[in-house]
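**Student:** Sequence:
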Amino acid sequence: MTLAIFAPLLIAILIPFLSKWKHRIHTGWLILPVPLAIFIYFLQYVGADFQTATSTLSWVPSMDITFSFYLDGLSLLFALLISGIGTLVVLYSIYYLNHKERLGHFYTYLYIFMSSMLGVVLSDNVYALYTFWEFTSLSSFLLIGYWHFKERSRYGALKSMMITVFGGLSMLAGLIILTVVTETTSIQGMIEQSDVIVESAAFPFILVFLILGAFTKSAQFPFHIWLPDAMEAPTPVSAYLHSATMVKAGIYLIARFSPIFEGVPSFFIIVSIFGITTLAWASYMAVRQTDLKAILAFSTISQLGMIMAMLGFGTSAAIFAAVFHILNHATFKGSLFMIAGIIDHETGSRDIRKLGGLMTLMPISATLAIFGTFSMAGVPLPFLNGFYSKEMFFGATLELGGYTGSFVETLIIAIPWVAVIGSIFTFVYSMYLFFGTFRGKFDESAVPQKPHEAPLMMLLPPAILVLGVIIIGIFPNIFNYSLLTHSAAAIYGESVSKEIYFWHGFGWPLYMSMIVLGVGTLLFLTKKYWEKIYIVLPGKLSFNRVYDWMMKRLETSSEKITSFYMTGSLRHYMIMILVSIFAITGYYLWISDGVNFNFNDVAPITATEVIVAVIMAIAAIGTTMAKNRIAAILILGIVGYGLAILFVLYSAPDLALTQLIVETVTVVLFLLCFYHLPNLTKSEDTLTTKGTNLFVALGYGLLMMFIGISAYNTTFNEPISKFFIENTYKLGGGDNAVNVILVDFRGIDTLFEVAVLFSAALAIYAMIKLRKNKEAK
Numbered sequence: 170m171t172l173a174i175f176a177p178l179l180i181a182i183l184i185p186f187l188s189k190w191k192h193r194i195h196t197g198w199l200i201l202p203v204p205l206a207i208f209i210y211f212l213q214y215v216g217a218d219f220q221t222a223t224s225t226l227s228w229v230p231s232m233d234i235t236f237s238f239y240l241d242g243l244s245l246l247f248a249l250l251i252s253g254i255g256t257l258v259v260l261y262s263i264y265y266l267n268h269k270e271r272l273g274h275f276y277t278y279l280y281i282f283m284s285s286m287l288g289v290v291l292s293d294n295v296y297a298l299y300t301f302w303e304f305t306s307l308s309s310f311l312l313i314g315y316w317h318f319k320e321r322s323r324y325g326a327l328k329s330m331m332i333t334v335f336g337g338l339s340m341l342a343g344l345i346i347l348t349v350v351t352e353t354t355s356i357q358g359m360i361e362q363s364d365v366i367v368e369s370a371a372f373p374f375i376l377v378f379l380i381l382g383a384f385t386k387s388a389q390f391p392f393h394i395w396l397p398d399a400m401e402a403p404t405p406v407s408a409y410l411h412s413a414t415m416v417k418a419g420i421y422l423i424a425r426f427s428p429i430f431e432g433v434p435s436f437f438i439i440v441s442i443f444g445i446t447t448l449a450w451a452s453y454m455a456v457r458q459t460d461l462k463a464i465l466a467f468s469t470i471s472q473l474g475m476i477m478a479m480l481g482f483g484t485s486a487a488i489f490a491a492v493f494h495i496l497n498h499a500t501f502k503g504s505l506f507m508i509a510g511i512i513d514h515e516t517g518s519r520d521i522r523k524l525g526g527l528m529t530l531m532p533i534s535a536t537l538a539i540f541g542t543f544s545m546a547g548v549p550l551p552f553l554n555g556f557y558s559k560e561m562f563f564g565a566t567l568e569l570g571g572y573t574g575s576f577v578e579t580l581i582i583a584i585p586w587v588a589v590i591g592s593i594f595t596f597v598y599s600m601y602l603f604f605g606t607f608r609g610k611f612d613e614s615a616v617p618q619k620p621h622e623a624p625l626m627m628l629l630p631p632a633i634l635v636l637g638v639i640i641i642g643i644f645p646n647i648f649n650y651s652l653l654t655h656s657a658a659a660i661y662g663e664s665v666s667k668e669i670y671f672w673h674g675f676g677w678p679l680y681m682s683m684i685v686l687g688v689g690t691l692l693f694l695t696k697k698y699w700e701k702i703y704i705v706l707p708g709k710l711s712f713n714r715v716y717d718w719m720m721k722r723l724e725t726s727s728e729k730i731t732s733f734y735m736t737g738s739l740r741h742y743m744i745m746i747l748v749s750i751f752a753i754t755g756y757y758l759w760i761s762d763g764v765n766f767n768f769n770d771v772a773p774i775t776a777t778e779v780i781v782a783v784i785m786a787i788a789a790i791g792t793t794m795a796k797n798r799i800a801a802i803l804i805l806g807i808v809g810y811g812l813a814i815l816f817v818l819y820s821a822p823d824l825a826l827t828q829l830i831v832e833t834v835t836v837v838l839f840l841l842c843f844y845h846l847p848n849l850t851k852s853e854d855t856l857t858t859k860g861t862n863l864f865v866a867l868g869y870g871l872l873m874m875f876i877g878i879s880a881y882n883t884t885f886n887e888p889i890s891k892f893f894i895e896n897t898y899k900l901g902g903g904d905n906a907v908n909v910i911l912v913d914f915r916g917i918d919t920l921f922e923v924a925v926l927f928s929a930a931l932a933i934y935a936m937i938k939l940r941k942n943k944e945a946k
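In the working numbering, the protein residues as written are 170 to 946.
Hints in this document: simulated from the structure, not taken from any laboratory. Built from N, CA and C at the ideal position, the CB exists for glycine as well. Hints are supplied without guarantee of correctness; some may be wrong.
[Unchecked claim] Cut-off 25 Å, straight-line C-alpha distance, at most; resulting in silico cross-link-like pairs (SDA-like, lysine to any residue): (1) Lys269 / His192; (2) Lys697 / Arg522; (3) Lys941 / Leu840; (4) Lys319 / Glu724; (5) Lys697 / Gly526; (6) Lys938 / Phe839; (7) Lys610 / Gly517; (8) Lys269 / Ser322; (9) Lys796 / Gly809; (10) Lys696 / Gly526; (11) Lys610 / Glu700; (12) Lys697 / Trp718; (13) Lys941 / Lys859; (14) Lys610 / Thr536; (15) Lys319 / Ser711; (16) Lys269 / His195; (17) Lys701 / Asp460; (18) Lys721 / Ser732; (19) Lys891 / Ser231; (20) Lys696 / Gly605; (21) Lys701 / Ile590; (22) Lys523 / Gly605; (23) Lys667 / Gly570; (24) Lys701 / Gly525; (25) Lys729 / Val748; (26) Lys859 / Val783; (27) Lys709 / Lys796; (28) Lys721 / Val334; (29) Lys523 / Ser322; (30) Lys859 / Leu739; (31) Lys610 / Lys696.
[To be verified] Computed Cβ-Cβ distance ranges for the label pairs, DEER-style: (32) Leu172 / Ile876: 42 to 50 Å; (33) Tyr819 / Leu920: 27 to 35 Å; (34) Ser227 / Asp918: 15 to 23 Å; (35) Leu747 / Glu895: 36 to 44 Å; (36) Asn767 / Leu172: 30 to 38 Å.
Produce the entire structure from the sequences given, and follow the hints as far as they go.
**Tutor:** Following this line, the structure appears as structure tokens:
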């Protein structure tokens, strides 16, 4: 299981090298077997006798942070969607993106995302979950901004990053509090302590922080604004991230932690209200759009709202309907995104006002679109899977109860009506999407290129998904007991068994479907007469305006703050740094009684040491008063050589030799740079400036003295020096303890120190090259 999760990430490392052959063979063909193999691996777990599986990879065991993976029905459903639709998306992208594109970048980002999503849905450790979660945000940012030369792509990528990362940090806060309350980092361990969590004083914060993380990721109202702008990404990205995987990460988060919140009224109220509001508002806004992918974006938001609302309901019927619709939505929405990409690819336009009459020119695409759009609309036909889960959703809205209070009772009454209103507009935008694109009169002059049917292999991925729509529609129980019941049980906390039927008899769910069908048809046929309502609602109101205003204010405020302290004066920078250190450290030393002056265990001070220290102090002061550059350099050297003498007096010859070498090299470098050093000028500083300099210097110097003496006299644990002395020869094989510590005991630290120096050298080399290039021009 661990290999299946990290396989796409490992392949992503090789993709830049594989893409070198893209002129001979498309990079997609070389890496297509990876998600297919992962899908086949997880497919073996599907069955009525499903058993949970675990896998653990140590990461930071001292902090109880491990890559511990847990496969149950819920994570299995998502793993199959991620790997299965991922396989189809890679196949689709082979024909959507030609070899002139930056295929190495595209597939690297895509496979990092695939691995991250698998990690999200399979992680049992909350910190591993968060790590993978943020990697999905990062990789989706790169994928959305793939065509970075487009301003709208950059805008959409940044918006998605800002909103989802905000939610991710909120989620992290909730996970940290959960860890503190339960004293475990295991999600399953937390679920076992659900009563402890609910009774905790921190429970409101846990609930809000986790919900914020889920709502931002799954584009719930009012955080939904990032998803339509994310449609600037290539269509394979939209079909994968924004219909089947990434946007469902928030759904997964709520589903995974639902057993903790079971029966909690605040959870039901918040998740149900925002879910049902998202359903209604997004479906209403979808009818307003003219871009095919924008219509599908708002429809995705709407469908996610419906799933989120069902998770908020918390009943067994609602939970089962939610997992069923997660599967159904992935099939018909993934196919529709691919069809939209095909239309854009073959006509050069996604503007529905310029399209129409494409059924005769693209009959296969039109046929696939019929099944996708009619299933999304919930049309009551036995070969459309969307109707089944929509009918179950209506039934779930009518079975709410168990909560008391006038507000909750009013909410329970209102939810079915809002569900019907949202579903009516779902029907309208579905019909608008299909008939506006494929029916009517075709105007060849309205599109950039003459349309024709897509290549067969490009049609294959959406055809497979449509086949899934039909198979589930005809045999609705085909995945019931082998997958769906296990998924629902993982959320609900106990066994959930529900037979799926096309005909449930006469009742309110059927009547609600008929209302949707009748009113939706009427609104679709009369759309041109009432669509001016959008001038009034939302009119000029837009959460995008709020986001843009906030970003503008953030940039303006950041610029003002930066201009305040970035004055270009080295003196100002040093004052701010040193005063901050002095104030913060001094304050905590004061309140914690950290100053500990105890000279009982201090070696006696000799006259030699006093003389050397006085000479060093005089030299340090003399450096600031020198009138000549060479004199200043030489006097500064006295301070360094004086320190080397002190090391000798304190029996530290290694440090003395090191100090001598460093000081000699420093003085030589200063002399080599002598020509470029500025001329010393007579100080014209005011008395205030000199007083500030003196205050900062004395304050910082005294602070270092206090810290040094207090650190010497304060022992929290047994000194580690004894261990080094005892094991230098035995474990390190050397007599010199300092050398063994640096090379063996602290070998990794030393390695990273060398890496830092190497990085600095590269930066210096780059600056020299830039300067030479600039001079050459």
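**Student:** Against each hint, give a clear statement of whether it holds in the structure.
**Tutor:** Okay, the hints, checked on the actual structure:
Using a Cα cut-off of 25 Å, the hinted pair Lys269 and His192 holds, with the two alpha carbons roughly 8 Å apart. Our distance criterion of 25 Å between C-alpha atoms is met by Lys697 and Arg522, whose separation comes to about 13 Å. A hinted pair counts as satisfied when its Cα atoms are at most 25 Å apart, and Lys941 with Leu840 qualifies at roughly 24 Å. A distance of roughly 21 Å separates the Cα atoms of Lys319 and Glu724; the hinted pair therefore holds under the 25 Å criterion.
The hinted pair formed by Lys697 and Gly526 meets the criterion: a straight-line CA distance of about 19 Å does not exceed 25 Å. Restraint check for Lys938 and Phe839: satisfied, since their Cα atoms lie roughly 23 Å apart, inside the 25 Å limit. Between the alpha carbons of Lys610 and Gly517 the distance comes to roughly 18 Å, so the proposed pair stays at or under 25 Å and holds. With a C-alpha separation of about 19 Å, the suggested pair Lys269 and Ser322 falls inside the 25 Å cut-off, and the hint holds.
Simply put, Lys796 and Gly809 have alpha-carbon atoms about 20 Å apart, close enough for the 25 Å limit, and the pair holds. With a C-alpha separation of about 19 Å, the suggested pairing of Lys696 with Gly526 holds against the 25 Å cut-off. About 21 Å separates the Cα atoms of Lys610 and Glu700, which keeps this hinted pair within 25 Å; it holds. Taking the CA atoms of Lys697 and Trp718, the gap is about 33 Å. The hint is violated against a cut of 25 Å.
With a C-alpha separation of about 40 Å, the suggested pairing of Lys941 with Lys859 is violated against the 25 Å cut-off. The straight-line distance between the Cα atoms of Lys610 and Thr536 is roughly 18 Å, inside the 25 Å bound, and the hint therefore holds. Between Lys319 and Ser711 the alpha-carbon distance is near 23 Å, which keeps this suggested pair within the 25 Å criterion. With a C-alpha separation of about 10 Å, the suggested pair Lys269 and His195 falls inside the 25 Å cut-off, and the hint holds.
Distance check on the hinted pair: Lys701 and Asp460 sit about 18 Å apart at the alpha-carbon level, within 25 Å; holds. Between Lys721 and Ser732, the direct Cα distance comes to roughly 16 Å. Compliance with the 25 Å bound is thereby established for this hinted pair. Only pairs whose Cα atoms come within 25 Å are accepted, and Lys891 paired with Ser231 is accepted, the gap being roughly 23 Å. Proposed proximity of Lys696 and Gly605 is supported: the alpha carbons are some 12 Å apart, at most 25 Å.
A hinted pair counts as satisfied when its Cα atoms are at most 25 Å apart, and Lys701 with Ile590 qualifies at roughly 18 Å. For a cut-off of 25 Å, the pair hint linking Lys523 to Gly605 stands: about 9 Å separates their Cα positions. Under the criterion of a C-alpha separation no larger than 25 Å, the hint pairing Lys667 with Gly570 is consistent with the structure, at around 19 Å. Using a Cα cut-off of 25 Å, the hinted pair Lys701 and Gly525 holds, with the two alpha carbons roughly 22 Å apart.
Of the pairs offered as hints, the one joining Lys729 and Val748 holds, with about 21 Å between alpha carbons and a cut-off of 25 Å not exceeded. A distance of roughly 23 Å separates the Cα atoms of Lys859 and Val783; the hinted pair therefore holds under the 25 Å criterion. Of the supplied pair hints, the one linking Lys709 and Lys796 is violated, its CA atoms being roughly 68 Å apart against a limit of 25 Å. For the hint pairing Lys721 with Val334, the CA-to-CA distance comes to about 18 Å; that is within 25 Å, so the pair holds.
At most 25 Å may separate the alpha-carbon atoms for a hinted pair to count; Lys523 and Ser322 meet this at roughly 23 Å. Restraint check: the Cα-Cα separation between Lys859 and Leu739 comes to about 15 Å, which is no more than 25 Å; the hinted pair holds. Only pairs whose Cα atoms come within 25 Å are accepted, and Lys610 paired with Lys696 is accepted, the gap being roughly 18 Å. The supplied range of 42 to 50 Å is met by Leu172 and Ile876, whose beta-carbon atoms lie about 49 Å from each other.
With their beta carbons about 29 Å apart, Tyr819 and Leu920 fall inside the hinted range of 27 to 35 Å. Checking the proposed 15 to 23 Å range against Ser227 and Asp918 shows it holds: the Cβ atoms sit about 21 Å from each other. The supplied range of 36 to 44 Å is met by Leu747 and Glu895, whose beta-carbon atoms lie about 40 Å from each other. With their beta carbons about 57 Å apart, Asn767 and Leu172 fall outside the hinted range of 30 to 38 Å.
Violation of the numbered hints given earlier is confined to hints 12, 13, 27 and 36; the remaining hints are satisfied by the structure.
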